[in-house]
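*Asks:* Note that the protein sequences, when read in sequence, are chains A and B. So the first sequence is numbered by this note's numbering: it starts at 151 and just counts up by one. So the second sequence is numbered by this note's numbering: it starts at 27 and just counts up by one.
Do not take every clue at face value.
[To be verified] Negatives, chain B to chain A, calculated, CB over 10 Å:
#, residue
1, Arg172
2, Arg207
3, Ala244
[Said to hold, decoys possible] To give an idea of the chain B side of the interface with chain A (calculated C-beta under 7 Å), a few residues:
#, residue
4, Val102
5, Met119
6, Glu122
Source of the hints: derived by calculation from the structure; they are not laboratory data. Here a beta-carbon is modelled for each residue, glycine too, at the ideal position from N, C-alpha and C.
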Amino acid sequence: MNFVNQLLQGVLLGGFYALLACGLSFLFGVMRIINLAHGSLAVLAAFLLMEFCNDTNFSPFGGLLLVLPVMALVGWVLQFAVLDRSLKAGPLIPILSTFGVAIILDNSMFEHYGANSQSLGPFIGDLAYGSWNLTSSLYIGQLDALIFATAVVVLGALQFTLARTPLGRTIRATADDPSVVDLIGVNSRMVYAAVAAIAIMLTGLAGAFLGMRASFDPYAGGPMLIFAFETVVIGGLGSLWGTLLGGIVLGVSQNIGAAISPHGFLIAGHVVFLAVLIARTFSHRLTWRPRFSRKVATA
Amino acid sequence: MSILEIENLECRHGLLIAVRGIGFTVNEGEILALVGANGAGKTTLMRTIAGAHRPAAGRISFDGKDVTALKAHKRVGLGIALVPEGRRLFTGMTVEENLKVAGAHGRKGDWTLDKVLEAFPQLKPKLKARAGDLSGGQQQATAIGRALMTNPRLLLLDEVSLGLSPLAVDQVYNSLSGLMRGGTTIIIVEQDLSRALAVSTRIICMLEGGIALEGPAAALDREQITAAYFGLNRGQKELA
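Modelling step: build the complete structure from the supplied sequences, incorporating the hints.
*Replies:* Okay, structure coming up:
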């Protein structure tokens with residue numbers, strides 16, 4: 151039964167990873183940019199939320215109403231100030247640019263908030279540690295369940311938007327061939343800005359849950375980026391439901407690794423990531439799917 | 027009445043001059059065929075008119091308005107649509123989605139999904155098929171239909187017959203004939219001289235970025251165009 155519980159906790163942890171990775175996956179799927187500032191932006195949202203809660207004594211969930219639009223604005227500005235310019239210079243420059251943004255964000259947060267670890271847990275009361283005990287050794291954490299449900303809803307909403315709405319068609323057309331969409335009347339720069347705003351807003355949502363479920367510090371963005379990146383690679387680049395699957399595989403791997411050895415949590419996740427990476431590189435059946443394919447978008 | 031005026035247009039690809047200070051006008055309802063050898067500057071000229079390529083010098087006026095500095099998506103709003111060389115469909119999307127996404131962002135007008143399917147009946151059974159899975163002829167029909175969904179006043183067709191079987195070319199031109207009779211202003215780049223002479227009202231033959239020959243299609247014969255095509259009649263520029 152203990153093993154089943156490890157699996158269950160792994161699946162729930164996968165929900166958090168999927169939520170953390172969906173902004174990264176969405177941005178890559180449309181713009182082909184690997185945003186190395188992704189983890190730092192998640193941590194920034196957590197700090198903004200903490201500041202809001204400290205100042206107002208409001209719940210972090212109420213604070214999301216303010217922080218998420220702010221993060222969307224950050225994404226919009228990031229697109230026009232950094233990504234739009236760097237995209238014109240080839241595929242490597244956006245990676246370097248976002249790496250630079252990550253360094254600036256990390257050190258600015260360190261300067262402003264200090265090195266102490268913070269948590270939003272105290273602001274959400276019982277939800278931080280409450281659980282439903284299914285049996286004596288099988289339980290579901292309430293916050294973990296909420297995060298998993300949020301991940302499913304967010305991915306489902308993104309999927310629906312892409313598959314069924316005019317905005318989604320426009321985004322997919324832009325992802326398919328950005329140089330042609332302008333010829334049918336689409337302002338591709340505005341589509342990119344909208345995508346960046348949505349992606350960074352989702353990253354902010356993941357950052358909020360990061361702050362609620364664990365502690366964070368100004369340099370927590372690096373590990374978060376690695377987990378998000380591993381999730382996206384395991385799930386298939388740019389694939390939304392693949393992101394959920396990738397998160398679950400990573401979470402389950404880490405939990406099984408932790409059950410085997412106290413040091414196995416991170417190692418198991420990295421080993422599975424490398425195995426999938428090698429398999430995708432050398433296997434024809436697991437080929438890379440770097441954009442929103444029709445199968446993904448209309449499923 | 028002229029709908030498009032090009033004045034002293036020069037276009038470059040880096041240091042290479044692709045279009046050398048050319049000028050011409052296109053009247054409303056006219057079908058202008060651009061012919062010329064590979065590298066003559068036809069595609070660059072079409073892309074520049076559509077706003078996909080920034081000119082180095084010169085002026086482009088559409089319907090009396092200077093559009094030289096206007097972005098491509100804004101030119102679509104004015105009524106300029108380009109069917110690019112190589113079709114360039116959104117291959118991961120269905121035919122219906124390709125058409126609808128263009129319809130959502132173009133001008134409002136008579137061209138709707140139903141009307142496009144009427145003009146290109148071969149697309150009807152393929153509406154839910156992925157554009158990347160279509161035959162060359164069906165892809166070209168989709169590309170033209172996609173441009174029509176923006177309700178253009180000036181339709182730019184770049185190499186519509188390129189890479190298609192003769193049967194598929196006939197099918198595409200049969201579908202286009204109604205459009206051509208309907209009074210839509212069209213600039214068409216065509217390598218097949220016989221086809222260009224048959225469908226157009228006026229012909230411009232380009233050579234090394236300039237205009238080598240220009241005149242009404244009815245006044246030109248194949249030999250004159252061939253001579254201009256290969257630069258054998260330098261000096262004899264305009265017949266009409």
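*Asks:* Quick one: which hint numbers does this structure break? Sort them smallest to largest.
*Replies:* Violated hints (numbers, rising): 1 and 6; every other hint is consistent with the structure.
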